[in-house]
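Peer 1: In our numbering, the protein residues as written are 1 to 148.
In case anyone wonders, no lab produced these hints; they're calculated from the structure.
No residue lacks a Cβ here, since even glycine has one placed at the ideal position from N, Cα and C.
Where hints are given, some of them may not hold.
Claimed, not checked - Cβ-Cβ distance ranges computed for the label pairs, FRET-style: (1) Lys15 x Pro130: 18 to 28 Å; (2) Gly49 x Gln104: 49 to 59 Å; (3) Ser74 x Gly36: 27 to 37 Å; (4) Trp52 x Arg113: 24 to 34 Å; (5) Glu100 x Pro50: 39 to 49 Å; (6) Cys91 x Arg54: 40 to 50 Å; (7) Cys91 x Leu11: 23 to 33 Å.
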Amino acid sequence: MDPQATWNCLLEAWKTRNWEELQEAATDLKRWMTRGGFPPEVCPQLSMGPLWNRAMVRAACEFVLQMAWQVLQSPNGIPRGLPFSASCCDCNAESPASYEEAVQAGWTGIEFRPDLPRTNFCGYCPIHVPSPPWDEQDWEVASQRRAQ
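Just need the whole structure built from these sequences, with the hints factored in.
Peer 2: In structure tokens, the structure reads:
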């Protein structure tokens with residue numbers, strides 16, 4: 001195993017929200033270090049040393065495993081206890097107070113985006129609902145709105 005390549009894979013999986021790959025990379029790194037393997041360089045430009053790297057990798061792996069599990073277990077992909085704040089992918093629409101309120105208001109394509117600087121979710125407000133082809137979640141939302 002190449003722990004540096006696995007660490008880089010973990011970072012990329014977080015950035016792209018590939019939760020399954022994130023779980024796999026974190027599990028592999030934890031297993032590697034539990035068996036006495038050396039940790040990857042967390043921040044190569046600073047070279048903090050193996051003690052620092054081991055502590056940071058362990059903490060990061062625990063965090064991403066919990067986060068990925070919560071996202072994958074939630075029917076809406078929302079981690080437990082995470083405050084809801086959304087931004088429209090196309091405008092500055094004000095965020096509804098909750099995921100449920102957003103769906104009822106007509107927001108679509110809402111997804112957890114831990115990489116955004118000011119909000120935790122991104123989607124499309126009712127004014128900017130994307131044109132077909134929609135993804136499966138958008139079809140469900142559109143069907144629910146028609147049924148109301």
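Peer 1: Hint by hint, note whether the structure agrees.
Peer 2: These are the hints, each one checked on the structure:
1. Remark: the range hint 18 to 28 Å for Lys15 to Pro130 is upheld by a beta-carbon distance near 23 Å.
2. Remark: the range hint 49 to 59 Å for Gly49 to Gln104 is upheld by a beta-carbon distance near 52 Å.
3. Distance hint for Ser74 and Gly36: a CB-CB separation of about 35 Å, consistent with the stated range 27 to 37 Å.
4. Checking the proposed 24 to 34 Å range against Trp52 and Arg113 shows it holds: the Cβ atoms sit about 29 Å from each other.
5. Taking the beta carbon of each, Glu100 and Pro50 are about 46 Å apart, inside 39 to 49 Å as hinted.
6. Between Cys91 and Arg54 the Cβ separation comes to about 45 Å, which falls inside the hinted range of 40 to 50 Å.
7. In this structure, Cys91 and Leu11 meet the distance hint of 23 to 33 Å, their C-beta atoms being roughly 30 Å apart.
The structure is consistent with each of the numbered hints, conforming to all of them.
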